[in-house]
Each structure stands twice: as C-alpha cells, then as structure tokens.
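All chains should be modelled from the sequences, with the hints used to inform the complete structure.
Protein chains: 8
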Amino acid sequence: MKTEMKTILEDVRDGRVSVDDALLKLKMQPFEDLGFAKVDLHRPVRQGQPEVIYGAGKTPEQMVKILETMMQKGQDRVLLTRLGEEAAEKIRVKVPLTYDPVSRIGYTGNLPTPDGIGKVVVATGGTSDIPVAEEAALTASFFGNETVRLYDVGVAGLHRLLSRMDVIMGASVIIVVAGMEGALASVVGGLADCPVIAVPTSVGYGASFGGLSALLSMLNSCASGVSVVNIDNGFGAGYLAGMINHMEAKK
Amino acid sequence: MKTEMKTILEDVRDGRVSVDDALLKLKMQPFEDLGFAKVDLHRPVRQGQPEVIYGAGKTPEQMVKILETMMQKGQDRVLLTRLGEEAAEKIRVKVPLTYDPVSRIGYTGNLPTPDGIGKVVVATGGTSDIPVAEEAALTASFFGNETVRLYDVGVAGLHRLLSRMDVIMGASVIIVVAGMEGALASVVGGLADCPVIAVPTSVGYGASFGGLSALLSMLNSCASGVSVVNIDNGFGAGYLAGMINHMEAKK
Amino acid sequence: MKTEMKTILEDVRDGRVSVDDALLKLKMQPFEDLGFAKVDLHRPVRQGQPEVIYGAGKTPEQMVKILETMMQKGQDRVLLTRLGEEAAEKIRVKVPLTYDPVSRIGYTGNLPTPDGIGKVVVATGGTSDIPVAEEAALTASFFGNETVRLYDVGVAGLHRLLSRMDVIMGASVIIVVAGMEGALASVVGGLADCPVIAVPTSVGYGASFGGLSALLSMLNSCASGVSVVNIDNGFGAGYLAGMINHMEAKK
Amino acid sequence: MKTEMKTILEDVRDGRVSVDDALLKLKMQPFEDLGFAKVDLHRPVRQGQPEVIYGAGKTPEQMVKILETMMQKGQDRVLLTRLGEEAAEKIRVKVPLTYDPVSRIGYTGNLPTPDGIGKVVVATGGTSDIPVAEEAALTASFFGNETVRLYDVGVAGLHRLLSRMDVIMGASVIIVVAGMEGALASVVGGLADCPVIAVPTSVGYGASFGGLSALLSMLNSCASGVSVVNIDNGFGAGYLAGMINHMEAKK
Amino acid sequence: MKTEMKTILEDVRDGRVSVDDALLKLKMQPFEDLGFAKVDLHRPVRQGQPEVIYGAGKTPEQMVKILETMMQKGQDRVLLTRLGEEAAEKIRVKVPLTYDPVSRIGYTGNLPTPDGIGKVVVATGGTSDIPVAEEAALTASFFGNETVRLYDVGVAGLHRLLSRMDVIMGASVIIVVAGMEGALASVVGGLADCPVIAVPTSVGYGASFGGLSALLSMLNSCASGVSVVNIDNGFGAGYLAGMINHMEAKK
Amino acid sequence: MKTEMKTILEDVRDGRVSVDDALLKLKMQPFEDLGFAKVDLHRPVRQGQPEVIYGAGKTPEQMVKILETMMQKGQDRVLLTRLGEEAAEKIRVKVPLTYDPVSRIGYTGNLPTPDGIGKVVVATGGTSDIPVAEEAALTASFFGNETVRLYDVGVAGLHRLLSRMDVIMGASVIIVVAGMEGALASVVGGLADCPVIAVPTSVGYGASFGGLSALLSMLNSCASGVSVVNIDNGFGAGYLAGMINHMEAKK
Amino acid sequence: MKTEMKTILEDVRDGRVSVDDALLKLKMQPFEDLGFAKVDLHRPVRQGQPEVIYGAGKTPEQMVKILETMMQKGQDRVLLTRLGEEAAEKIRVKVPLTYDPVSRIGYTGNLPTPDGIGKVVVATGGTSDIPVAEEAALTASFFGNETVRLYDVGVAGLHRLLSRMDVIMGASVIIVVAGMEGALASVVGGLADCPVIAVPTSVGYGASFGGLSALLSMLNSCASGVSVVNIDNGFGAGYLAGMINHMEAKK
Amino acid sequence: MKTEMKTILEDVRDGRVSVDDALLKLKMQPFEDLGFAKVDLHRPVRQGQPEVIYGAGKTPEQMVKILETMMQKGQDRVLLTRLGEEAAEKIRVKVPLTYDPVSRIGYTGNLPTPDGIGKVVVATGGTSDIPVAEEAALTASFFGNETVRLYDVGVAGLHRLLSRMDVIMGASVIIVVAGMEGALASVVGGLADCPVIAVPTSVGYGASFGGLSALLSMLNSCASGVSVVNIDNGFGAGYLAGMINHMEAKK
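Protein chains in written order, with the working numbering: chain V, 1 to 251; chain W, 1001 to 1251; chain P, 2001 to 2251; chain Y, 3001 to 3251; chain X, 4001 to 4251; chain F, 5001 to 5251; chain L, 6001 to 6251; chain B, 7001 to 7251.
Hints in this document: simulated from the structure, not taken from any laboratory. Note that this is a predicted model, so its numbers are computed, not measured. Careful: at least some of the hints might be erroneous.
Unchecked claim - Derived contacts from chain Y toward chain X, CB cut-off under 7 Å, selection only:
1. Met3071
2. Pro3195
3. Leu3219
4. Asn3220
5. Val3229
6. Asn3230
7. Leu3240
Unchecked claim - Just a sample of chain V residues kept apart from chain B, beta carbon distances all over 12 Å, derived:
8. Ser18
9. Lys65
10. Asn220
11. Gly238
Note that beta-carbon positions come from the ideal geometry of N, C-alpha and C, so glycine has one too.
Structure below.
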C-alpha cells in the first residue's frame, strides 16, 4: 500500500496525474461499489490470490452479481462459504460452480496443486464434526495446501489418536475440530510440535450451549501453540492454516 | 405539560371548568383506550409529529384498529415497524399503506421533505446488515431527515471506508449498523466529528451469540461520541438520529 | 482530513514539498510518540478543542509526560478521567491541576463559559449514582455546556421526578444515571422531547450483576430517543451530550 | 397434616387400625399413582380447593386420565395451564372443558363468585404482554378473585398509567406483566400501597434475551413490596395474588 | 394521591389557594430536597408509617442529614439497612440509634407491638444464611409483625424441617432464605398453605455464582405461591411479608 | 492395556513378531477405520461388554455401516442413543433392532438378566421428565441392572416421595431426573444412603434457560453423595449407575 | 426410616408410648437444636458413621458448640471442611483437632484403616489443583478408603499420564481434579474402567471464568462413566468416592 | 515419538533391553516426578528447546525445586511466567534469574540472537495493555524472534496505526493485544498479509466483563487470518508467534 501511495504521489509531482484525479484514484480503485456490497478487488489485484465470498445473509442474486463483477476484473478463482444447496443451484445457472454439500462450499475455477511447506492435518473429535472439518479442509485445498483428514479421534478413545502419531508428527499445521468438551485441542497441542488451530463446533447438547463449552475449553488449553477461531468457523481455520503453511515466502 | 396543567388550573379557578371535569380531562385526554392498547394521541396533538406503531406482537386486526383511531383523530402520518409482509397485505386492504419488505416498515402518508441540520449517514459493516440499516434509514427519512447510505464498509477492508471520508466528515449524525465484532462503530467514532449511534445486529454465528458480541464491543468503544441502542433496533437509531439532527429548533 | 490530504498533494504538485517529505508528514504529524503512548495532537490542532486523558491504567509519571507533551504543543486545556486522589497529588507537583474527588476528574486550565444550544440535565436514580453523574456533569461543563443536576429522582418515588417536569422539558439533552433496575431512563425518555443518554451504574447488589441489570434495562427501553453508553461511563455521556448540545454549529 | 397424622396415631392406639394398615394409609392416601403421574388429591380433599394441571409436556391422553381420576374422586373444578388449542380439542371430546386460546387456559366447572379481600389488578406494559396477563387474570378469577385489567400502560407513556391512579390505589394486589425493560414493576411498586407481583415476559428482541432483561430489572426494583415470579409465569402470579387476596381467612 | 389532588383543585376553585401556589404545592410538598437526596416524606405524612433509608452507598454524614430532616418533620421511627458497624457508630453520636451487627440494621424509635394477621416465619437453609434472615426478621418486626425464626432446616436433612410442620402450618407468610441450590423454597412452598417469599443468598461457592444458582432455582420453583426477591434482599422480603400480613386492613 | 502392551513386547523379544508388525498391531487393532468414524472394538474385545453408538449427528447410512462392522467382529449387543423414529425405521430394514420411541433408544440383541449389586432407582420430578428418565432406565437395563421407576415425585408434593421411602432406602444407586429447579436431587440425596446421580433436564420455561437452572441447582446440592451429568444425559446416568452397581466385581 | 416409624407405631399400639410422646419423639429425636444450627445426630446414631461440619460461614464459636454437642452424643469422629488456619487454632484450644493447612481440613479422632473395595485414585491436571485434590483425598481417607495421589498429569503432557496406566487400571474410583480446560476428566474417563468423579477447580485465568470452563468441559465429557461435582468441591468428590468404594456392603 | 518407540522396540528385539526395562523406560524417562509436579524433560532433551514454568499457583520453593531439577538435567534456559516480584526475589537467592516486573517474566540464561523468518510485531490498543504485550514480546524474544513494539495504536485514532503501515506490512506475525472492544484485531487483520494472533486483555470496565467483550469481538473478527488466545495470555501468543515465525524449519 505504501508503494502504491508513493507511486501516485510521484505521478502527481511529475504532472502525470492531476490532484483531483489522484484523490479519485485513491478512493475508487480498490473496490467496485454494487450498492449492497463493495466488492474487494484489492487483494487479487495486488497478490494474484483467489477471493472469498461469505454466503450467509446474501441472496443468490447478490452473489451472482458479485461473482460476475469479480470475473470481469479477471478474478477467476472464487470461494463461496456457507452456501445453501438451493442457492448453489441458482448460482450454477449463471456461473460455472463446483459445489460440495457437506462443507456447504462452492467455488469457481479448479483446486490448485499444493505448494505450501507441508501438510495441513484436519482432525475431528467425532463424526458430527465432519461438516465443519470439511469446510476447513476444502478451504485449505483451495488455497494450495496438501490436506490430511483424521476424523473421529476424540479423546474418549485415545488409542485412535495415538495410533496416528505419524500423522500428527508430520503435520505443518493441525486444525482440531471438536464440539462437546473440546478436549482434543489440548491433547493434540501437547503431542504436536506445530501450530494448532482449534475450531469449536456447536455439536453437542445441554451444557454445551451451542459450542460455548468447547470454545472455553479450547481458549483455556494448557498446551502451548494452540489458538482458537469462532465456533463452527471451518473457513477461518483453513485460511489461517494455509497462511501459516506458506510462511517461508515471507523471508 | 406544565403549561397544560396551568391552563386547566386557571380554568378551574375562573369557574370555566368544574373540579371533576378538570380531573377527568387530565385523565382522559392524552390517549384513546382500545382495551388491548391505549393509543397515544399525546405527542401528535402537542407537536404535530407523526406517530409510530411497534408491529411485533400485534395482530393485523389490532393494528388496523389503532390506525383507524389515529386517523380519526387527524393523525395522517403513521409509521409501522417490525411489520411482516403478510400482515402488511391484510392492513392494506383497510388502510392505504406503503410497505418496504427489506426494512419491514410500513407507513401511511408521504415521506416529508428533509429539514434537519444536515445529513444522517447510515453505514453497515456488511451486506447482511442491510435490513436493519434500511429500518434506520427509512425511519430517519420518515421523520424529515436527508439520509445517505454507506453499505458494506466493514473494517476488514478499511480502504472501502477511508475512500468515503467525505461522507463521514459531512455527516450530522452517523448510524453504524454492524454485527459480528461490531468494530466499525469504534473506527467511525474515531474518524467522525459528530454523534455516532451504534446498532449491533444479530448477524453472525457461533460466539456472536445473537448480537451480544457486537453489542459489548460497541458499549466498550474507546472512541468518544458513540452510544448504543438495542440489537437490531434500526428504528430506535433512526428516530434518535432525527432528534439530534433537528436539535437547533430547541434554542 | 480530506482537505489536509489535498493541501499536501497540491504542495507536492507545485514542488513545494518533496514526495518523501510529504509521506513523512502524513505519517508523523498527527501525534507524538512517547513509546508507551502516542499522544494525539490531531483534534486540538485541527479544531482548537480540549483534549482528554483516560487515567485508568496509566502511572502518574506517564500522565505527567503526556500532559507536558500536550502543553508544549500549545494544548492548555486537558481533562483527566478516572484519576485517583493519590495520582492527582503526584501530578499536581509537576503540572497545575484542578481535582474533584467525587467524580475523580482532574483538569488543567479553566472551565469555559457555556455556549451550547441549551441545558444538559444530569439526573440520577439515587444518591449512590452521584459519582458517575458528577463525572458526566463535570465533563459537560468542561466542554462548554450549561449543566443542571437533578439527583435522587428514582422511579420508586415518582413525584420527585414529576415535580421537576420544568427541568425535564427545558433540557437540550438529558443524561440519566441509574443502577439497580435502571427504569429511570425509560420514564425520562417517555416524558422528555430531547435525546436521552442512559448511563447504567454498577450500583446495586445481588442480581444487579455489576450493572448488567441496569444496562439491559436501558438497552430495552421502550421509550424512543434513548441510547446507552458503557456501565459507569459518565465521561462518555457528558462528552456525547456536549456534542449533541453543540449541533447547530454543523449547519 | 399434623392433625391427620395424630388421628391415624390415635386410631392405632385404640386398635381401630392395625400398624401395617396405618403405614399403608400414610403412604397411599394422598395421591393416585397413574405410573406416569402421581395425581395429587391432597389439597382438594383437605381444603376443598380446585386443582391445577400444568399442561406443557403432557399428552392429551395423559391429561384426560388425570382429569378422569380427579373427577372420580369428586374434584369437579380443575384448571389446565399451558394447554395448546389442539390438545384442548382432544380433551374436550372426553371431558367438558372451557378453553381460552389467548391465555391457553382450560378449566372444568364454572368460575366462582369472587370472595377475596379486594381487587386483583393485572397491568401490562404493552399489547404483546396480554397472553401472559390473561393467564394471570383467568387464574385469579378461577380461584375466586375479582380482577381488573389495565393493559398497555408502559412507562414510556406515563400519563396512561397516571390517569388510572384510582385503579392502582384501589387494588388489593397488583400483578405487573411486562417484557423489554420491565420498568413498569418499579413504577407501579412506587405508586401502590399493596403487594406487587412482577411477571417478566419473553416479549422483546435483541438484548431482552428471552425475558432476562425484564427479569433482572424486576428483581432489582428499588420499590418496596415487589416480588418476582418466573418469566411468562402468569399462572404463578395469579395463584399467588389470590392467596394474598384471601389472607384474612388465616386470622 | 387522587384525593390530595382533588383537595388542591377544590382549594383553587374556591379561591383559598392561588394557581401558582397550588402548582408549587403539588411540586414541593412530598419531599425535602437535600441536593444529594430527595427525602421522601410522602408515605409517613400520608400513612403514619415508619420510613426506610438504604444505607449502602451513603456516607454517615449524608445519613445523619436525612435522619435529622425526617425527625424535624415528625418522623420518629426510621429503619436503616445495609449499615456498616463503623457508620452506625458515627451516626449514633448525633442521633439515638439501636444497631444490630448481624443483620446490619439500625433503627430509631422502638420496635412496635405486633398487630398483623398472624406470624411471619423466617426459615434458612443453613447457618450461613442467618445474616440475611435476620435482616428480614428485624424488618418484619420493625413493621409490626410477630416473627418466628426457623434456622438451619435445609433440605439435605429433611427431618429437621418436617419436625417443625406446626410452625410451617401456622404461618401467615413464610420467608425462605437459602443459598447454594435454594431447594428449600420449593419444599416449603409445597408444604405450606400461605405465600412464600424466597430470598436467594450469595452463600455458596463455585457454580453458585454469587447466588445465581439459588435465584434461578427459586424462580423455577414448581410449588405454587412462591415469589422471589433479589439476592440477599432480606429487607425486601421482610417488608413485603409485613405488607401481606396486614392485608385485612384493605377491605 | 499394560498387559496387551507387555504381550506384544514379549512377542517382539522372542521373534514371534517383527518390529514393524508390532507397531502396526498397536496402531490398527483396537478399531476399524470407516473414514467418517473409527469404530471402537476395544472394549468389547477386552471385556465382552456391549457397545454404544451415539446417534445424534449420524446419518442412518453411517449407523448401519458402524453396526455391520461391529456385528462382523462378533459384537451382537449394541445400544443406539438419540435415535429418531425415522432413522430407526431405515436401520431396521438392514439390521434387526428393537426401538423405544419414548427414550429414543434402539438396540440389537436382548436385554440381559440383571446381575448387579442391587436396584437402580430412576426418579423424576414430573411427567415431562419421563423421556430422559426412560433413556437412563433402558440404558441401565441394557447393561444388566434391575431398575425401579419412581416417576412424578417432585418436591412440591413431598408426600409422594416420602410415601416411597422403602424404594429410596432399598436402592443401590438412584438416578434423579428433574428440570425446572432441580430440587429433587438434594431432597433425595439427603434421604438416601447410596450414590445419587442427578440429571438436569431441559424441561421448564423462562428462567430455566434450557436446563441451566436445574443444572446449577444440582451442582450446588448441599446433600453429600450427589454428582451431576450433562443436561438431558439420561444415557450417561444409566451407564454410570450400572458401573457403580457392578462395583463388587473389582475387588 | 420406615423401620423406625414402624417401631414407634408398634409402641403406640401396644400402649408402651402415648400418642403425644410418639409425636414428640418423631419430631425431636434426630437432631439437637442450637438455634443457629440444628446438629444432625441422625446418621451417626443410625449408622455409626463419622459426621461432617461445613466450616465456611460458621464462626469458630459456633463450630466448637456443634463439636461439643456431637461429642456429648458419642460422636467422636468429625470432619471439618473449609476451615481457615486461624479458626482451626481457636477450635483446637477447646477440642483436640488434627489440622491440614493445604486441604484446609480439620478432624477429631483418627484416620481409620482403609476397608473399601479398592483404591481411590486422585489425579490433578497441575500443581495448582493440589489443595482441592488434598481435600478430596483426605476426605476419602477419613471415610476409610485407601487413596493414591497422581498429581500434575495434565493432558498437555500426555506421557505423564500414560506412564501411570497401572494406577489408572487398578483404581476402584478415580477423582479427577482439574482447572483451565478440564480435559483430563475426558481422557481419564476414556482410559479407565471405573467411575470417574470430575472436580472442576477455579484454577486458571481469563476465560476460565472461575472454573466455569472446566465445569462445562467436564459436563460435556464424551467419555462414559464420568459425573461432576461443584467447582472446588473436593470434599463432595471424596465423600462420593468413598460411598462407591464401599458399595459391596449393600448387597 | 514414533521413532523413539521404534528404537526401544528394536532394542527389545535385539536383546539389548529386557521387556520390563523397556516398559519402565517408556514410562519413566520423559519426566522427573517431584510429587507436586512432574517436571517435563521431554521437549528439551529431544529438541534442545528452552523450557517454561507457569508460575501462578506455585510457591517459590516449588519453583526453585523444578528449576534445580531442570538445571541438573542440563536445561539452562528456562522461562518463568506470571511470576510475582516477591517470588522472583526468593528464587533469585537460589538460582540466577533475570526478572522483568512489567511482564512479570523471569528467565535463566540469556536471550538468544533472533533466527526466525522475519519480525514478530506486538501492537496494543492502549497504554494499559502494555504488561500483557510485554509478556508476549519477551516470550517471543526468549524463543529467538526479532520483535517490534507498536504500542497505543487503538482504532479510535486510526492515523496512529496507518502511519506505521510499513511495520504492519513488514511483519511475519502480528500479535494484537487489546482490551475494551478489541477492534484493533479486525483492523490489523484487514490490513496485514500475515497471521494475526489476537490477545484480549482484561483492561476496561463495566460491560467489558473482565475481557469478555474483547474476547468475543476478536473471535467474531470479520478479517481472515486472525485467531485468538485466552484473555491476558501474552505468553501463549508470544510462543505461538515464535512457532509460526520458525515454520520454514519444517520443510
């Protein structure tokens, strides 16, 4: 951003751009205003990265408009999260879209070849946590990460997890998806040598209070290297895991 | 009210009104008792202001009765909030009504020409906050304010907001409508020179707890000049904004 | 801010300022970096307004340094909130300061002559709410507002409030400070024609849960024109009241 | 109970009843065991009072069986609360029943002539609180109390309440039914000379949290003589009001 | 209040009082304004009842001033609640005061001879609940009720309660004071034939959350005739019990 | 587990098993990996015990696969909890299953002859608690315990419980299932000489907050020997009761 | 109790006891009324068991009186929990007492020789949980159980726990004491074959909310056979563990 | 761990180690049991990493013993967190220790030369957040990271943050430490290209509820790449940041 700003200032100094035009440019360039949404074209333009649309609370019509705007600007890889099956059908009529009903994710373009540091492991406490886990795993894949699924390894049957220590030890980042008491995050955090991203799920009943129990449990983890994202936020975990898994590019 | 009271007392002193009649007058004048509702005719009679019916929890039949009572007393501009589409249809059969399905607002009469100090700006964090924002904006319009909509300017893409600093700086009052973490209220509060009314929305999932997260965030805003109304209370924000925007009339 | 930005761009275009210097200017000008604090010199320089230091969590030494920096830049009127008596003593040795132990407010310079639209009324439910009310009232006075105190008018003895309807009706803005059930905000909101700023206080016991009861009550007020600030946030209410009371300046 | 116990002991002493039979009598007499329910026949037998069935969570079949058992034992006046319209229809096929869809109350037998000390006043903050208020009022009527309804007198329009001071001052017990901020309980509590039973309702939205706001507000009432029952518990309030209104019988 | 209002209006009509004086009278009469407090002289003047000062949050100096004002107006029986031992000492220097350190109650004048319908029974779950229970009992005594103490009858040792059924059955009103799980209110409510006022206490640890557990338990009581006051609000319970115990005066 | 481990190590030492095979054996043996679930075959193999499938969040197809896997490994007695009626129908097509719609439990095989120390008593506060109680009772039966049902013995009608003291005193373990205020756990805990397992239910309304009230009440029980499981967790209580009832086998 | 009741009835029948005396006997026998406490002499008289005094909220004087009353009735083994060091000193002047400052437990008499089924294992997550664990362990010892301590085996370093599988597998009952995320309960519950009593502790900071996090985590444990007692309730866990460990006596 | 296990198995196969010794080795090797603590010697032995002692809830004597055990095993770099000033003094008498009173961190050995991918930036919303920020920064330094402090850049004065975009853009990982509304995490998350670790602090008052407001706000962040650790958990953030900053080592 600093560089862009500097370029614009230099253009102004050298008379290539008028003051008002520069002002306008600073204002208008980074997004397209659709009224109901300001479509961010900033990240892709700058970084060539794919873009994300959070589907909840948006109508299919709004999503189609956002998608079309993005595609017109050359953005051909877009991820749609929290996308209902019906909405996906409606969008597919207008825009080519791959849709996965378990994770409720849709995307345009293809999944890329993985290119991160290592593997992103996605573990779940139980079978019911799979939809959130799939949101995380598919997001990670979409952003170029190799992913390994390790499902139904909850701490009440510890041998299931311990028998896969090789997967745990070989991970670059681990996403732990668990509801109820969320203890899996602490156990994995204690066993692993890599960052652990804990995703509490709303799976459970009674005093799980819609994921609150797992959330608090994960925040209070006595294992180091564990951080937490919002309840059921598989996308956030998958995105962050990918970011960490591509760290070496920063040096 | 003091003046009215004094007038009645003077009427009693001068024998124009008997004691019991005066007592009755003090009791009966300000509203019409429909049994299930006491229709307030106080404000309009005193101030010529339009009146408001909170629609939630009222049947279409009850609302029609209240509307008819008001219109008989000469109240021709009435706002109905939290009005479902079906209920609006049923009312429209009996009483002429303009209805907006996004904000779920209905009103009789016309929107007036704006006459406040300046502009009421309504900003949202995202697209999903628009229904609440429209409730605020339409309410403000109904009470005679010029309104400017600034939608989808959440803090995760700060350039969208910063590119519209002219709107922020030119506002008389700003209504910030945001769910999830509600951070927009603080950022706008720090940029603006005018009162900011923050409206937390129930938009979000997981640990947003139906708007609690945004509510707490806004109450704890470190920016000065920010106050908060109830979750999803677009009407309250629009009404208060109008009140502030018409302040000069007080002097 | 737009204007400042434009001026700098024009200076760059006309060769009066180099690109790097302009960049630096944009970065460095608005505040003084003390390491532990970035002293905001933005508002006063631009607007001639007094400045505020939030005292909680700062050592007397830190506050003295911030005050001295401000005074060196020509800022002679500063308000310090949440200032303990001992800390005030230590500061007074270095910087001339007026201190009020009830509101725990200190300030440099003098209280100005009131110049707003009308009166800022500060009402409390009980005697115990007075410290928070005084923080609000003194803040309002410090920012140039005429203030009227209306203390101990809680709704359990409604005649105390009703006997002062003249004060309520003559207000430009009303600050309602109440703990326990916080009902005063709704009652005043229903009686008054002006904006009401509700300040829940942590006064109470048992199920008042440190002000939560009053906070929720005020957020759910069925009276229009009421908004809420944080529990015990007398300063925020006083500042916002002053902002609203000076609205005409905007036109 | 002491007297019954003593009678049984005397019967045992005088040989009129064997030890085992006495033991059995103590065990079996007070209720009829239907397996899924132990029908209480204690109160009516002892006191000639009508009986109550809490309808929520019971099937129509279960309620019919309980009713039939009661009627066989000579209990001809029974109140059924939380009774859905469909369930009422099914019961009516088997047992004569009067049903009121607003309060969701059904009862067998007739409403008695009022015989308490004075009037039970039922006041509501708004129109949406009426179902809970009707549950209270009908319960009070069923237990022999004269009831007066005072609906839609919320504190945001205080004149509606103040104009009916005669009703307030003439009450024996007042039931205040209010959602949202629940301030009505404190205001009525301050005006009245009699016990006030506050019923928070789940009416409201956002930070009303299903009645929690009104509940806390009422518990923290600064007015003396106010006590609180569970959210939406109109029955509990009506029953207690009747108990208080019949106090003189105790002397 | 209606009667007073009518008298004043009649005085105005008959020329005995001028309009302005009447207005003033309506405003000024019911209380004495001390600035920090508006001393209520309304109830005693009208009803000859003793008056109450809530001591928490008031300085000894403030309480002395309020007491002196009350005594000058002929109010010789005043109850002070939540009064610390030190504050009581300071007050006693100026005003004759009886002080009880367990209930933290002070009062001027003497305890009256009981004159209610029957007995106010005060029961506690454990020994730790006694201070709150004493606040209730002493308040009830101060307002002219015969009180019976039934301490340490918690439900974990049910025989302690059942052995005192005579006290339970002979009560006019029962105040149940309990912390922890607060089950005593339901058990007593099921055994007694009279109104039960439940006072949750903050006694307990862990998941009692400062009395929340007992509060919720009491609000959800499945026994009829139970209502609840704020956590630790012994005064409120004692006052309300007295009100109910004096009901016959209403007829 | 130690023994198994030792056996494998001895096999390795004596050359009967290669290192890699041993490693594999340790990893793969205890469960069957179906991808979406890791079917635990550990307990039955080791202990000949029946196995449990938690049905919530699993599709009928997934449950059939798990069941088939278990049966292939010789596990013929399986309990399915939280099983909806429709899902049960679908499973029954593939696998013989007994289904109980009240407790929502299904199982393969037969209920065994009871062989524990004594009786497991299941008591409920009301009729609405029966589904959770049946889950507990059926689970206990499935694991070889004699069960006694004691329904609708809530504390508001204490005689219903006291008349069955023989059942209480003859119990080996008591499961108390109650919603609303949950007081039954404390009362039973005080009367009984055996471990009491308290199951809060989500039965209730208003301030019962989905079982929170009963949960807190039970956790704060002043009776010794009471412990608590999750809200509505009838299975957990039944399983634990069975474990305790079979304790003597440990010596 | 049934038997006692029957004996008394037989005495009455045979003329050995008069009706009134029998009534008195039923009432007075089981406890000694000290006014502030009703000392339970029921259990020991009936069962020869030691007795417990909950020390929190009782003065040393009150505890001495209770102790003396118990000892006069032949109760020589009494446990005092939540006993501060200072209070212990004061009691020791009057009554011989062994005091342990870590668990804050005092007791009269000697620790008995263990006689239960097997071992009660007390495990903690960390070093800070030791005081609560010692309360549990000492209580279990006092009631005749052999106890094994397994401290600082939190799940973040799983090998510490796994290396002591022999202790886990050899336990009769396991008490798991843990704060923060409380995951240890689930892990132990999954490894062990015996009942697990989970004790959440208030150890932790931030989002542990005084033990709430561990409490919810433990309630939501996905391991079977786990139940929970109140936060920091080491006594309750130790007592219940002893009850379970002595189960065989029931048959 | 797999490798170690394999090695031991190979040793057993080849007769170099007996079965029992192997079993013992697996059990005993990784930690030293001090009774009150099991000192983890696992990570350092395997990885040459420094070790951490969580100081809260441990006595100075316990910490000295743990430190001495570690040093005897060759562990010369140890970090002590949550270490009070007094405790630090007592430890320093026995073990050489550097202590920082602001972060309350102590450590043995020296801070290493930074060797991660890039810079760990630690930003705070205000001055009061500095202690937590310093805990994070010092922890990161101790684990070999270059750290940059960016204090007092809260969103209410956005220019303070925007003027340091170079620091934000040049970061490898950013730790955002903020109390009150915690909005800084979202704003930084939207501006940065790297992982953001959000640390809510307990700084604030009223509705900040000890950090809950900031915590919820951060969990609900609409910016991607943000995860959250426990309230005030500066250590956790610093440790995780270091882990991420050293990611390249994994490839």
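Hint check:
At a threshold of 7 Å, the smallest CB-CB gap from Met3071(Y) to chain X is about 21 Å, leaving the interface hint violated. Evaluation of the Pro3195(Y) hint against chain X yields a held restraint, the C-beta minimum of about 5 Å falling below 7 Å. Annotation: Leu3219(Y) was flagged as interfacial toward chain X, and the flag holds, the nearest CB pair being 5 Å apart, inside 7 Å. At about 6 Å, the closest approach between the beta carbon of Asn3220(Y) and any beta carbon in chain X falls short of 7 Å, and the interface hint on this residue holds.
The closest approach between the C-beta of Val3229(Y) and any C-beta of chain X is roughly 5 Å, which is under the 7 Å cut-off, so the hint is satisfied. A distance limit of 7 Å between C-beta atoms decides the matter here; for Asn3230(Y) the minimum to chain X is near 5 Å, and the interface restraint holds. Of the supplied interface hints, the one on Leu3240(Y) holds, with its beta-carbon coming within about 5 Å of a beta-carbon of chain X, less than 7 Å. With a cut of 12 Å on Cβ distances, Ser18(V) stays outside the contact zone with chain B, its closest approach being about 24 Å.
For Lys65(V), the condition that its CB be more than 12 Å from all CB atoms of chain B holds, with the nearest at approximately 20 Å. Distance to chain B contradicts Asn220(V) as a non-interface residue, since its nearest Cβ pair spans about 6 Å, not more than 12 Å. Taking the minimum C-beta to C-beta distance to chain B, about 10 Å, the non-interface status of Gly238(V) is violated against the 12 Å cut.
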